[in-house]
Amino acid sequence: MYLDFLYLVNTDKAFPEKRDLENNLEAIDLYKLPEYCRKNNNKIIWLYEEVIIEDTTNYENVLCLNISDVGDAFQVYWDNKLIGFRASIGSTHQEEANTYIQLITIPYEYASVGKHTLLIKAYSNRETNYTGRSFVLAGYNQYLNGIIKKNYVPIVTYSILFVSAIFFFVLFFGIRKYEYLFISIACLAFGLRAYARDLWFVEDFGVAVRSGNPELSDIMLPVAFFSLHCYLLSRLSLFQKYKYQSAFVLLSVVSVLFLRQFDYMRVSIVISVLITCFGIYKKDYSSIFILIGLIGFWILSKYADSPMEKGLIDYPGPLFLIVIIIILSSMEISRNNKKHRESILKASRLENELLKRNIQPHFILNTLTALQEVVEKYPEKASSLIEALADEFRLFSKVAGEKLINIKDELNICDAHLRIMEYRKGVNFSLTTEGITGDETIPPGIFHTIVENGTTHGFSELKTGNFLFNKIVEANCVKYILFNNGRSEVENSQIKKGTGFKYIEARLEESFPGKWNLDYKPVPDGWEVVITICERNGSK
Amino acid sequence: MNIFIVEDEPIIAERIERLSKEILKEKITSITVRHRLTDSVRYLFANKIDLLILDLNLNGRDGFELLKLAVSGSFHTIIISAHTDKALEAFEYGVLDFIGKPFSGERLKKAFERIEKPEKSSCPVKYVSVRKNEKLLLIDIDDIMYIKGARIYTEIVLKDGKTEIHDKSLNSLCQLLPTNFVRIHKSYIANLQYVKSISSLGGSKYSLQLLDGETLPVSRIKYKEIKSLLP
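Each protein sequence line maps, in turn, to chains C and S. Here the working numbering runs 4 ahead of the position in the first sequence, where the first position is 1. Here the working numbering runs 13 ahead of the position in the second sequence, where the first position is 1.
Hints listed in this document are in silico derivations from the structure and should not be mistaken for laboratory results. Bear in mind that the values here come from a model prediction, so they are computed numbers and not experimental data. Careful, some of the hints might be misleading.
As the list claims (entries may be wrong) - So, partial list: chain S residues that the calculated Cβ filter (under 8 Å) puts toward chain C:
hint, residue
1, Ala95
2, Lys114
3, Asp225
Glycine included, every Cβ here is placed at the ideal spot set by N, Cα and C.
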């Protein structure tokens, strides 16, 4: 028989009579056993097993017996010969210090081929319920390998979970999204659960004993799922809504109080799946990833009730889900990064657009043609036209890179533009303002675009052009009413589709996302553009 | 010569008018200036002009609408515009010249010279615009078999046998058309794409056979030139 791990569990039926056993035993000094144990004979437990060693070549190293949870003190007999004992029961840790023995080596000459008997006599003075009484007979190397095998899954698991917790926590600080805080707590809780269950070392007998901390482990399960649910809700922006929030908190409390651990886990996964499906229904397609993670969690936790796998239940499930969430988060971050780059690109495109507006052919080339005629025909006026053109260029290049500028600067640009258009159109232009202090800020080129549209479209038949800019402050909104007395030949809808209005819309959206409104309509005696900028979301 | 200037900016219109007067002097019979598109269209329908000088961008409106109408007329059209990127398109519709803004008197003079020279345009036309029942019809020049002069106007014969009347004279059209359109006779321009053969009828009489069987007269002085152009 190849002896690998031999589990021997205490069953009273298999025991020979105690008396017979004691009679066969080698004479032993019971003085080594505490007085207390001898007095309380009824707390003695006997474990007996017949062991057949068929081949010893596998055991190049020492054969050893790992005894766990049999009692506080014990004696081990191999073929009725005492080979080791633990004989210390004290009332304090100090009394029992350094006497804790778990591994007993079987002398080489005893471990011969053939049938052997193994007898353990154990004493206990505590009320501890030793359910897992067992001993393992194995080569010493195999015994060590067994320990490593049993430990590495939880070690890998909680390492990944703890690192993930730190990763998401850092993300939370960087991005300020609460979903990352929630998932960070969930990782920490799943990690602590893994750690508490199998790797919680307690100094119970003066040396480290791996005993686990079931209380901590049990608390961590609802903490982990609660955080996971918070994460799922907040990434779908549902957490901010009270009806979802309260329904979810109620559900969580009820399930924690009334459900057994494994049922609680199942219910929690079902809740997660429901939230995620709601997300998919709401067209958040990244929820599909999370759904895959949850299905994986469910499948990997299917064996949770099986006692043999008890040590493994929670490990691969959460790990699978968390890895998927990490992948998803990375994708989201890279997507946001791209968006951010695009917004920078958009800003530079707008700046470009503004400069282009100033040097577009129909403006600059027509102005130069007009200048040609002024130089040749009215040379005395040429200088002031050139000055006006220079003013407009100078002011433009000053504000082109800005997102918002003072209205004062914008009005100066409009003024320079009107001076140029006076020459070109032969119209006397004037610009008056009402209610504008000059300190208000607006995106550059907006008023200019309106003035430019007005002058190119509306004054072919008129001798005077009046522009009146009016500011009205309402409850939460500022309204700029820009009037001119031009009579456009162009259809209203055509102007709205023009690049000028597209530019104004893009600028307003950049600076006041969702909080602006732009209207352009004919009024008696002219045209009116109304720009409304509100503190709250405006009707776009 | 009656010149019609359509330009929305008074000072530029003034410049065109002044320079035209300086260049053409007593050749000018009248110069009329309009700033708005609608006025211009009305004027074009009501008056006989010899030359249209047109800005493509009028108060923000697209001058191509007016251009398509203008090229169907008997007169030549010269474009003066800041949008030089539109030059090729304008030529396709059959304008005589395209002047980019800003411009000098010299440049305008060159454009005027082209009116009198019979040489072909370097940027050939792609469409011929015909006014028919108050509507504009754009004819792809590849569909034209030949053009026959009929006093002040011309008859354009298409490959499907239809005939359209154009207000431009044979001389004016010849200036605009690409090199595969050849003046074969004082009253005929043929599209070489549709020519089958050329033959001598004896007694200094020649004729051109088209792919559809029609024959066109060829003048004696053009015979050699045309023969060398055919494969």
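Hint by hint, here is what the structure shows:
Look at S/Ala95: its Cβ gets to within about 4 Å of chain C, closer than 8 Å, so that hint holds up. Residue-level restraint check for S/Lys114 holds (minimum Cβ-Cβ distance to chain C is 4 Å; threshold 8 Å). The beta carbon of S/Asp225 comes no nearer than 45 Å to any beta carbon in chain C, farther than 8 Å, and the hint placing it at the interface is violated.
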